[in-house]
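*Asks:* Chains X and R supply the protein sequences, listed in that same order. If you number the first sequence the way the UniProt record's numbering does, the last residue is 470 and the count never jumps. If you number the second sequence the way the UniProt record's numbering does, the last residue is 470 and the count never jumps.
Derived from the structure by calculation, the hints contain no laboratory data. Among these hints, one or two may not hold up.
Pairs count within a copy or across copies, as identical chains cannot be separated in the list.
What the hints assert, rightly or not - Below 30 Å or equal to it, Euclidean Cα-Cα: the simulated BS3-like pairs (lysine-lysine) are: (1) 251 / 72; (2) 95 / 60; (3) 193 / 412.
2 protein chains.
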Amino acid sequence: MTALKLLFIFPLIIIKINANFVITRYDDECVLDPALVTEIASYENVTKHIMDQIRDYYGKTMYQEYTRFIDKFGARPSGTWILEKSIDHMIDLTKQHGLYDVTTEELEVPYWLRLMESAIMLQPRVKKIAILGFGSSVSTPSGGIHAEVIVVRSFAELEKLDRTKVQGKIVVFNEPYVSYGETVIYRTQGASKAARKGAVATLVRSITPFSIYAPHTGAQYYESNVTKIPTAAITLEDADLLQRLQEEGEKIVLEIQMAYMEDTKKSRNTLVDLKGKESPEKLVIVSGHIDSWDVGEGAMDDGGGMMISWLVPVVLNSLNLKPRRTVRAILWTAEEPGLIGAQAYLKQHKDELDKINFIMESDEGTFQPLGLDVAGSNKTRCIVQEVLKQFAPINKMENSGAPGSDIVLFIKQNVPGASLLNRNERYYWFHHSEGDTMNVQNMTNVIECAAFWAAFSYVIADLSVDLPRN
Amino acid sequence: MTALKLLFIFPLIIIKINANFVITRYDDECVLDPALVTEIASYENVTKHIMDQIRDYYGKTMYQEYTRFIDKFGARPSGTWILEKSIDHMIDLTKQHGLYDVTTEELEVPYWLRLMESAIMLQPRVKKIAILGFGSSVSTPSGGIHAEVIVVRSFAELEKLDRTKVQGKIVVFNEPYVSYGETVIYRTQGASKAARKGAVATLVRSITPFSIYAPHTGAQYYESNVTKIPTAAITLEDADLLQRLQEEGEKIVLEIQMAYMEDTKKSRNTLVDLKGKESPEKLVIVSGHIDSWDVGEGAMDDGGGMMISWLVPVVLNSLNLKPRRTVRAILWTAEEPGLIGAQAYLKQHKDELDKINFIMESDEGTFQPLGLDVAGSNKTRCIVQEVLKQFAPINKMENSGAPGSDIVLFIKQNVPGASLLNRNERYYWFHHSEGDTMNVQNMTNVIECAAFWAAFSYVIADLSVDLPRN
Numbered sequence: 001m002t003a004l005k006l007l008f009i010f011p012l013i014i015i016k017i018n019a020n021f022v023i024t025r026y027d028d029e030c031v032l033d034p035a036l037v038t039e040i041a042s043y044e045n046v047t048k049h050i051m052d053q054i055r056d057y058y059g060k061t062m063y064q065e066y067t068r069f070i071d072k073f074g075a076r077p078s079g080t081w082i083l084e085k086s087i088d089h090m091i092d093l094t095k096q097h098g099l100y101d102v103t104t105e106e107l108e109v110p111y112w113l114r115l116m117e118s119a120i121m122l123q124p125r126v127k128k129i130a131i132l133g134f135g136s137s138v139s140t141p142s143g144g145i146h147a148e149v150i151v152v153r154s155f156a157e158l159e160k161l162d163r164t165k166v167q168g169k170i171v172v173f174n175e176p177y178v179s180y181g182e183t184v185i186y187r188t189q190g191a192s193k194a195a196r197k198g199a200v201a202t203l204v205r206s207i208t209p210f211s212i213y214a215p216h217t218g219a220q221y222y223e224s225n226v227t228k229i230p231t232a233a234i235t236l237e238d239a240d241l242l243q244r245l246q247e248e249g250e251k252i253v254l255e256i257q258m259a260y261m262e263d264t265k266k267s268r269n270t271l272v273d274l275k276g277k278e279s280p281e282k283l284v285i286v287s288g289h290i291d292s293w294d295v296g297e298g299a300m301d302d303g304g305g306m307m308i309s310w311l312v313p314v315v316l317n318s319l320n321l322k323p324r325r326t327v328r329a330i331l332w333t334a335e336e337p338g339l340i341g342a343q344a345y346l347k348q349h350k351d352e353l354d355k356i357n358f359i360m361e362s363d364e365g366t367f368q369p370l371g372l373d374v375a376g377s378n379k380t381r382c383i384v385q386e387v388l389k390q391f392a393p394i395n396k397m398e399n400s401g402a403p404g405s406d407i408v409l410f411i412k413q414n415v416p417g418a419s420l421l422n423r424n425e426r427y428y429w430f431h432h433s434e435g436d437t438m439n440v441q442n443m444t445n446v447i448e449c450a451a452f453w454a455a456f457s458y459v460i461a462d463l464s465v466d467l468p469r470n
Numbered sequence: 001m002t003a004l005k006l007l008f009i010f011p012l013i014i015i016k017i018n019a020n021f022v023i024t025r026y027d028d029e030c031v032l033d034p035a036l037v038t039e040i041a042s043y044e045n046v047t048k049h050i051m052d053q054i055r056d057y058y059g060k061t062m063y064q065e066y067t068r069f070i071d072k073f074g075a076r077p078s079g080t081w082i083l084e085k086s087i088d089h090m091i092d093l094t095k096q097h098g099l100y101d102v103t104t105e106e107l108e109v110p111y112w113l114r115l116m117e118s119a120i121m122l123q124p125r126v127k128k129i130a131i132l133g134f135g136s137s138v139s140t141p142s143g144g145i146h147a148e149v150i151v152v153r154s155f156a157e158l159e160k161l162d163r164t165k166v167q168g169k170i171v172v173f174n175e176p177y178v179s180y181g182e183t184v185i186y187r188t189q190g191a192s193k194a195a196r197k198g199a200v201a202t203l204v205r206s207i208t209p210f211s212i213y214a215p216h217t218g219a220q221y222y223e224s225n226v227t228k229i230p231t232a233a234i235t236l237e238d239a240d241l242l243q244r245l246q247e248e249g250e251k252i253v254l255e256i257q258m259a260y261m262e263d264t265k266k267s268r269n270t271l272v273d274l275k276g277k278e279s280p281e282k283l284v285i286v287s288g289h290i291d292s293w294d295v296g297e298g299a300m301d302d303g304g305g306m307m308i309s310w311l312v313p314v315v316l317n318s319l320n321l322k323p324r325r326t327v328r329a330i331l332w333t334a335e336e337p338g339l340i341g342a343q344a345y346l347k348q349h350k351d352e353l354d355k356i357n358f359i360m361e362s363d364e365g366t367f368q369p370l371g372l373d374v375a376g377s378n379k380t381r382c383i384v385q386e387v388l389k390q391f392a393p394i395n396k397m398e399n400s401g402a403p404g405s406d407i408v409l410f411i412k413q414n415v416p417g418a419s420l421l422n423r424n425e426r427y428y429w430f431h432h433s434e435g436d437t438m439n440v441q442n443m444t445n446v447i448e449c450a451a452f453w454a455a456f457s458y459v460i461a462d463l464s465v466d467l468p469r470n
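Make a model of the complete structure from these sequences and hints.
*Replies:* Pasting the structure below:
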């Protein structure tokens, strides 16, 4: 609209803008061989074909299978038999859809079982406080913890406090939500920081910008040489209430009881391969994780991403479209406790990293697709950008530096990769809470994600050139 | 914007529209005495003064007192000692603010105490189902109910079913949300309808357009001559899950346990009067209810409405603005179980209804104020509309026919009245759930509601003419 207005008023300026645009795309950073540009453009018919087939047919079947999968298994926490059953189900489903190249790689995963949790405010008045322990939290001592509360808004505020003000207390972190990436440190590190000051437990404002009184769980990590204290999420509502009560000068006393069981179990990464017709040893990996937290249904995190990734080799096989390189879908296990499945894969395949041409993950929602968050050399990013042109309006390209969750481990090893950008403004409203259910999803959007994901991967897997690294 | 465009294209039409507008406002239905129009306009300075004083000073104090009230008492269910303590608190607060004309009127109210609730799906898989019993629900038999589920989308669908399909089952109502007014019948009447078909319990999709896995409670009423069966809310997410499982042909079995205690207790309506200087026997009533459900904090429903109504006589007294008629704030008790406080007031004051010049209630949120939903004769509506002109942009006028909750009883008796229109699009997201907390509120909006509410009531209470009835 702005451009049109400018065109009307200053036609000459518009021409200059266009000229600049052309120069920017083909400047020193981004000069593509015209032959490659022509080659990429030649995929337009096949990408349209793949997307149309998914939109009209395979996508609907996939969405139905996705819904059945979530309804059948629900939450699939690391270490549980239900997760293993769900992995078996996906293996069977792959074969039912005509693809038999499915393997699993076994590994050890954490098993952290939520047994019992309760919190009650006793002073200044009696009120139940909803809590949801963080993965790997220790239990409270037998008999629970009965202690005074101190509320802080930041680590800096905690650090400034005299140790005697914190000793023996429950530290409540009521940090403002900035972004998940920035704010999540209160969940992951809060217990350790508070323990160093002598706290007996921490309760952390849930990492979300919006709440209808839902606590949100997630992983946390104890630093070494620190007393392990119980740590749980509370709601935005209660965090603010406790803050206000403290500001009013009230003495706040809570009683909390938390009991968990910890063990390790076996689980599996699942690899679904469509072998490449020319360079089968070279890989384009598309992935999502099959495990979830134990609250909600793991529909959004990461049922959707897992499902659209699984579909890529399956649908290309059904369409009889074998690219030059192998397309491998990986259903990571045990992402939630700390990328455990991805770590095991990386270790087992550490000598084959140069064979991974591109690695993709969808783990931030399958709402309306927008494009990709791409990590890699400038040349790689130029090629990806050129490919994305034919997916307009799904052609946004970002560069966060750390796309995906599991795949970040590979990105750090200089493997180029990307995660799915989508309209996930409400993602953290539901994330790691009871609200992560099929109701969050919209069939049309998930199918559109799947169509883009499959067609884009196909082009990258079939291009005559590898994506160059630095 | 449309008008501006028309003005540009068809200046003559615009003139006609304006002419029509004038005619409409002063036609047979709505001819106001020019002297009255002049009189109403003369209030502009005083309404501005009231609003400015509330915006700059009294509103902030009120919001602080409001927050303290909610933080101190939390939920205030009918029949509880906490409700009575909160009433005492408001009486004290009134006196602290220099108004001593506070009386209470005692009445009997229901006391329905939630003791224990749990629901678990046993087939086709084990899953906890969040439930929240409806006020006045009976308990399950000792040992709970273990029964198959049948899901229906409407009463019509239930009616069509053969009795043998329903007998002995738990009926799940998964009705689509249309509006609260339209959809709430599934909560209020669902148990009775299902019991007539032989159901042993009902679970009802929460009456809200949006959910992060929160069940919403509310009143329900057993019809006479019907077996009283336990009845509770479930979340949108679980209602849809159960629907899908049924559509997949799965046999669904639930086990539910619900225990409640029922009794009656004494409570009080609270009347805060600023006596009129000319006709103290004539009343302008402003009101909200002080009781709440037992989940959440009753901050929105109806802490906000109660507080802005309480402020009206208090602030007018502080500003030394005594209108001709008495301004009475009523803090209704026991609205939630079925307008119990309002019924008692109506009975006790049945011979004084002609003395109520206007009755107002705010019980649908105190978000950004928009105007009023007005019930009354055409003449009354014309006067209200004329008064609203000076509150632009808070000058929207609707005519639902049944504004407010408690005051509907009075409206039905031909008393003119109004409820507060406000930007409450998200009201039902939080309504009757754990999400009804201070986090829903915004200080500026609540103060703006209070400013409008007080200034508008003042004009109505002070006008030289009574609002005419049919």
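*Asks:* Would you mind marking each hint as holding or not holding in the structure?
*Replies:* The hints, checked one at a time:
In this assembly of identical chains, the alpha carbons of residue 251 and residue 72 lie at most 30 Å apart only when taken from different copies (13 Å versus 47 Å within one copy). With identical chains, the CA atoms of residue 95 and residue 60 are at most 30 Å apart within one copy only, with a shortest distance of 18 Å there and 66 Å across copies. Proximity of residue 193 to residue 412 under the C-alpha cut-off of 30 Å is restricted to the intra-copy arrangement: shortest distance 27 Å within a copy versus 62 Å between copies.
Hint violations for this structure: none, all hints satisfied.
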